[in-house]
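Asks: Work out the full structure: start from the sequences and follow the hints.
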Amino acid sequence: MIGKGIPRGFIITLKNFFRSPVTVQYPDRKVSLFEYAKIHNKNIFKLFFSQPMLSIKISLGLISVPSSVEQSQRFRGNEFTFFEERCTACASCAKYCPLGIIEIVSVPGGFDAQEGESYKLDVFDIDIGRCMFCGLCVEACPYDALHMGTKFEKSTYVRDDLIITKEKLAESEKSPSSFYRPQFEKKKFDPFKDNIKDHYKAGRHEKPEYKELKKKWVDDR
Amino acid sequence: MPLETKPVTVNLGPQHPSTHGVFRMRVTFDGEEIVDVEPVFGYLHRGSEKLAEERTYSQIVTLTDRMDYVSSMLNNQAYTLAVEKLCDIVPSPRGVWLRMIASELQRIASHFVATGFLLQDLGALGTPLIYCMRERENILDLFEMLCGARITNSYLRPGGVFMDAPDVFWPALDRSLGDIEKSIDEIEEYLSGNEIIFSRTKGTAVLSSESLVNASITGPMLRASGVDWDLRHRNPYDFYSEVTFKRILHTASDNYARYWVRVQEMRESLKIISQCIKNIEPGPVRPSFDDVPRLVRPEPGDSYAAIEGSKGELGFYLVSDGGISPYRMHVRAPSLINLTLLREMLVGELFGDLFVIFGSVDLNMGEVDR
Ligand code: SF4
Ligand code: SF4
Chain U
-5 MIGKGIPRGF
5 IITLKNFFRS
15 PVTVQYPDRK
25 VSLFEYAKIH
35 NKNIFKLFFS
45 QPMLSIKISL
55 GLISVPSSVE
65 QSQRFRGNEF
75 TFFEERCTAC
85 ASCAKYCPLG
95 IIEIVSVPGG
105 FDAQEGESYK
115 LDVFDIDIGR
125 CMFCGLCVEA
135 CPYDALHMGT
145 KFEKSTYVRD
155 DLIITKEKLA
165 ESEKSPSSFY
175 RPQFEKKKFD
185 PFKDNIKDHY
195 KAGRHEKPEY
205 KELKKKWVDD
215 R
Chain F
8 MPLETKPVTV
18 NLGPQHPSTH
28 GVFRMRVTFD
38 GEEIVDVEPV
48 FGYLHRGSEK
58 LAEERTYSQI
68 VTLTDRMDYV
78 SSMLNNQAYT
88 LAVEKLCDIV
98 PSPRGVWLRM
108 IASELQRIAS
118 HFVATGFLLQ
128 DLGALGTPLI
138 YCMRERENIL
148 DLFEMLCGAR
158 ITNSYLRPGG
168 VFMDAPDVFW
178 PALDRSLGDI
188 EKSIDEIEEY
198 LSGNEIIFSR
208 TKGTAVLSSE
218 SLVNASITGP
228 MLRASGVDWD
238 LRHRNPYDFY
248 SEVTFKRILH
258 TASDNYARYW
268 VRVQEMRESL
278 KIISQCIKNI
288 EPGPVRPSFD
298 DVPRLVRPEP
308 GDSYAAIEGS
318 KGELGFYLVS
328 DGGISPYRMH
338 VRAPSLINLT
348 LLREMLVGEL
358 FGDLFVIFGS
368 VDLNMGEVDR
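Those protein sequence lines, which keep their order, are chains U and F.
Under my numbering, the residue at position 94 of the first sequence is numbered 88, and the numbers go up by one with no gaps.
Under my numbering, the residue at position 165 of the second sequence is numbered 172, and the numbers go up by one with no gaps.
There could be a bad hint or two in this list.
Label-pair distances were calculated between CB atoms; the ranges are [to be verified]:
1) F:W177 to U:E200: 22 to 30 Å
2) F:Y50 to U:P46: 55 to 63 Å
3) U:K180 to F:G130: 51 to 59 Å
4) F:D192 to U:V16: 14 to 22 Å
5) F:I137 to U:S58: 22 to 30 Å
Where chain U lies over chain F, by a calculated footprint (3+ residues, C-beta under 8 Å) [unchecked claim]:
6) 96 to 106
7) 112 to 118
8) 155 to 164
9) 167 to 176
10) 186 to 199
I should point out that these hints are in silico values taken from the structure, not numbers from a laboratory.
Glycine is no exception: its CB is placed at the ideal position from the N, C-alpha and C atoms.
Replies: See below:
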């Protein structure tokens, strides 16, 4: 019964045995001294002579560094990025969410000569404990106020902590993914290195010049 | 004195590592031989069809991902085709090419999983499964570039796809086409000539093509019995009439034939993808929101659209009463229908082959129970 097939199979497994692994050690990985020096941008000899104890520990495999998982730019992560300044409380996102987990309460926010009557957000809660990260809310937002985030390591002990409120959204890191936001891809924005501080940068249009604004709102009227 | 044994009834599942999810069987053995099988399903029932009745047409795409979770792009495709038929939407050509690429990639990924788990059931613990999963990971990486998710994609929308592929996608696709080709070669070299696989799978669970047709079984199971039935060729949807591919047929209709058909189909999918890359042209990926708004309101009526899924004919039947959500949605799930001949396949076989035969159906419990 034993013929050519089985040795041929063993050759393939042997070849695969010597391949470099495709898996990643997560969340921490052990590094060699050489790699450690490269990560911290240090000369390997300098590192060895300045911190001999540390170098020995690294060589023995006692020190580990956080490993990075390769993600694509469009990754739909769980930390939503939200720019309150851009939001008009239109509630398109809440209507489009298949699970109905976005709660919005808006109050009249006064009158502005440029923008007309506006509404202000009172409550903006997303219950990400039930969210499936489909991104439909982001797709529905017409003013680029809500974006998917790129982080995925958000875990809590209490389920109620998973309800992200307006305040939590304001504090969170503004590193939006380019899911349904082609402007980030066009600008070559890298959410894993940069973050966006100015809410004007998150829009699909450039911030208008002062002259243009004056022409539109004052001169042409 | 001949030894007399009584038939023993054993409960297998629902939480058994070999049952591909939560499937339960009540099997009666006479010694090593199977004399009776009674499948019990419904443990993963989430009521997707009922849930669809209170969601709008664009929101249901997210539900279809979770039916057959190893081929979500194909589910998306079948659903969007049904909506397009119901609302008379003319899809954008670039969107259609993109979704053909996505769904063929998904077919390869699904067949990789089927092959890996078949071998796992054969007793090849770990190694071939891990090889197949490794290749599938590459495809999932491509999906992550396209739509940001690996398994629950929701990439397709009525009329096309939601966003054009990024620039990094095309070189990565080219690279992985070569890699997948190589890994299929590797699997074939590794397994197709392996004597253990021959002796375990050849001649087990043979079904006649008449009984397969009568039970309306489709997909690789039917093609392994020599019936030339592929919806991509018989009833071309999308742009399948513009690409050429070989229909893979085998006549033995045993476990080996089913495995072989799947492996060869992966090669044909690769050919289809390279033709799609050649034919794709720049343009919009979905119709404008004036033509196809987010909230479509079709005329009262019904539509049925079926595609050749990775497991068989995957169809969506939608009934509209003129509202924003369907009055009724029904899914023709190939996994469930392919299970109808399970009893005929298993009775008379040995205990050791039970899970091999079960795995050769290539079922997915998410789709069986929905
Ligand atoms: S990602 Fe999907 S489920 Fe989550 S809040 Fe947005 S629309 Fe709702
Ligand atoms: S986040 Fe966007 S869609 Fe939601 S209320 Fe604000 S502007 Fe409207």
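Asks: So, for every hint listed, does it hold in this structure?
Replies: Status of the hints after comparison with the structure:
At roughly 28 Å, the beta carbons of F:W177 and U:E200 sit within the given window of 22 to 30 Å. Separated by about 59 Å at the C-beta atoms, F:Y50 and U:P46 satisfy the suggested range of 55 to 63 Å. One distance hint, 51 to 59 Å for the beta-carbon pair U:K180 and F:G130, holds here, with the actual separation near 52 Å. Range check, F:D192 to U:V16: about 18 Å between beta-carbon atoms, so the 14 to 22 Å window is met.
Between F:I137 and U:S58 the beta carbons are some 24 Å apart, a value that agrees with the proposed interval 22 to 30 Å. For the region 96 to 106 of chain F, the stated coverage by chain U is not satisfied: 0 residues place a CB nearer than 8 Å to a CB of that chain, which falls below the threshold of 3. With 0 residues having a Cβ less than 8 Å from any Cβ of chain U, the region 112 to 118 of chain F misses the three-residue criterion, and the hint is violated. Figure legend: the region 155 to 164 of chain F, annotated as covered by chain U; annotation consistent (4 residues with Cβ-Cβ distances under 8 Å, at least 3 required).
Chain U is given as covering the region 167 to 176 of chain F, and this holds because 6 residues of the stretch bring a CB closer than 8 Å to a CB of that chain, at least three being needed. Chain U is given as covering the region 186 to 199 of chain F, and this holds because 4 residues of the stretch bring a CB closer than 8 Å to a CB of that chain, at least three being needed.
Going down the numbered hints, you'll see the structure goes against 6, 7, while the others check out.
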